[in-house]
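Undergrad: Sequence:
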Amino acid sequence: MDKEVVQMALIYLSVSASVYCAHNFMYSFLKASCSIEIHDFSMLDTLEVLRLIGGFFWTNLADRTNKHRIIAIINMVGYAVFLNLLQWAPWFMKAKELNIWTIIYRGLSIFFQCGIYPILDAVILEMLEKNGKSRKHYSKIRIASTLGHVLAHLAVISVSYIFSVKQKDEKVVLILTSFFVLVTSILIFFYFSDVEKKETKKNKFPLKIRIQRNLKYVREILTFSFILFNITGTLQGIYRNAMTSFLPAHLENIGMKNNSIRGLFILRCLPEIGMLWITPYIERFVSIYVMMLFGICFGVFRPLLYGFAELKNLGQTGIYSVCILNELTKGIFSALYGYGSSKMAKEFSTEKTKALAQGIQGGCYCGLAPFICGLMGYFILKYDLFEYRGNSLRGFFILTGLLGCFGIFILLVLINNRKKKEKMSIGSSKICAAV
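Numbered as in the numbering used here, the sequence shown ends at 435 without a single skipped number.
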């Protein structure tokens, strides 16, 4: 395999390991250091909107300064620092409850972390396209990201077992996160340098002109199709965030242990790896729009089944059977949607906006969607506004899943709109050829 592809795969592996040590367990993580109720945590999730702001800020800064490597390292280190402060700072900065310090630490950890993936996607897709390897190798690099997800959970389980640490010891998570961030920063520092050397130097312009240019780039990219694309992503991100934030708590309530939950999350990576391996071959026969459509169909199945299924009445075998089925569908969704959305965002971008398009897409999916989800969750969970069989958390899962189903309709409108444009373009070409 090409040296550059291996290097980028290693970076993806370590980035995902850094993020996923704590990713699905933030409620348990904060509950251990702060006195926080589940509806308050949902309100804290509204801080995820910083991903939309931060995604735009970091990716635009990277595009304009051409310092993708340095900015990516700043993102990783900043994320680790403020995640650590959530656990260690209570002694001297009062982050013992949902207060200003909790909000600052959580908000800044989100703000720094949100830039890393869109910057990686933009640089790697550009590099592969220049070398004529985009379709063949991008999926393999995405597999490395999934393996990083597996590595994170395996590392936490293994370290907890070897050192006989309690299952919920957040210190293990913090130590491993910091270790993986250090490894990631070193890899980015050495391996991203080759990518940057290939970029051309840009002339410096006065601040006013740079601002005008940036606004021009934003206007260029905000087409009707791009807006529909991001509405679809936002609707998928809502139920994805509901699952991320509250699924471990839901499974713990029915008696599943923490390491068993991590085992489920490892298991779901298997179909994701398999799907990512074959996506370049699937893309030969169907468009990335169709791949996204099928991915969403698998994705919405998960919150709906967790909402409707009476897990407590199924026994241990039934519970694990339903959970395994659900997590397998999540793996397929992650592969098809993640691959398709990154490639589609590249379609909407230009040379000047390659990271910006990825940043807006990631900001809507991982920022705007959790903000909406957090507001919904706060009122539903606190005031029991939408229950199913007397359980507001299950009702919340069902409602977010139904919103995801509406995203299928939006995507169909987008596909129809793109087909019309293609027909018009072909018609114009024929007229020009006839003339």
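Treat the hints as calculated values from the structure; they're not laboratory data.
A couple of the hints might just be wrong.
[Claimed, not checked] Simulated restraints on C-beta separations:
1. Ile254 - Asp2: 45 to 51 Å
2. Lys420 - Val81: 45 to 51 Å
3. Phe386 - Pro280: 25 to 31 Å
4. Tyr388 - Arg219: 39 to 45 Å
5. Ile324 - Tyr383: 51 to 57 Å
6. Lys420 - Trp277: 54 to 60 Å
[To be verified] Keeping only pairs whose Cα atoms sit at most 25 Å apart, straight-line, the calculated SDA-like set for lysine to any residue is:
7. Lys257 - Glu220
8. Lys382 - Ile273
9. Lys31 - Ile73
10. Lys140 - Ile209
11. Lys140 - Ile273
12. Lys171 - Ile157
13. Lys31 - Tyr161
14. Lys31 - Lys140
15. Lys31 - Met256
16. Lys3 - Leu314
17. Lys140 - Phe189
18. Lys420 - Phe348
Positions of the beta carbon are idealized from the N, C-alpha and C atoms, including for glycine.
Undergrad: The structure should be examined with respect to each hint, and the outcome stated for every one.
TA: Hint check:
1. Ile254 - Asp2: 45 to 51 Å: Check passed, 47 Å falls within 45 to 51 Å.
2. Lys420 - Val81: 45 to 51 Å: 49 Å, holds
3. Phe386 - Pro280: 25 to 31 Å: 41 Å, violated
4. Tyr388 - Arg219: 39 to 45 Å: 44 Å, holds
5. Ile324 - Tyr383: 51 to 57 Å: 34 Å, violated
6. Lys420 - Trp277: 54 to 60 Å: Check failed, 34 Å falls outside 54 to 60 Å.
7. Lys257 - Glu220: 49 Å, violated
8. Lys382 - Ile273: Given that 25 Å is the threshold and the Cα spacing comes to 38 Å, the pair is violated.
9. Lys31 - Ile73: 29 Å, violated
10. Lys140 - Ile209: 40 Å, violated
11. Lys140 - Ile273: 9 Å, holds
12. Lys171 - Ile157: 13 Å, holds
13. Lys31 - Tyr161: Given pair lysine 31, tyrosine 161 holds - Cα atoms ~22 Å apart, limit 25 Å.
14. Lys31 - Lys140: The hint is violated at about 37 Å.
15. Lys31 - Met256: This hinted pair holds, its Cα atoms lying about 18 Å apart.
16. Lys3 - Leu314: 50 Å, violated
17. Lys140 - Phe189: Holds: lysine 140 and phenylalanine 189 sit about 22 Å apart, inside 25 Å.
18. Lys420 - Phe348: Holds, at roughly 16 Å.
Checked against the numbered hints above, the structure breaks hints 3, 5, 6, 7, 8, 9, 10, 14, 16 and satisfies the rest.
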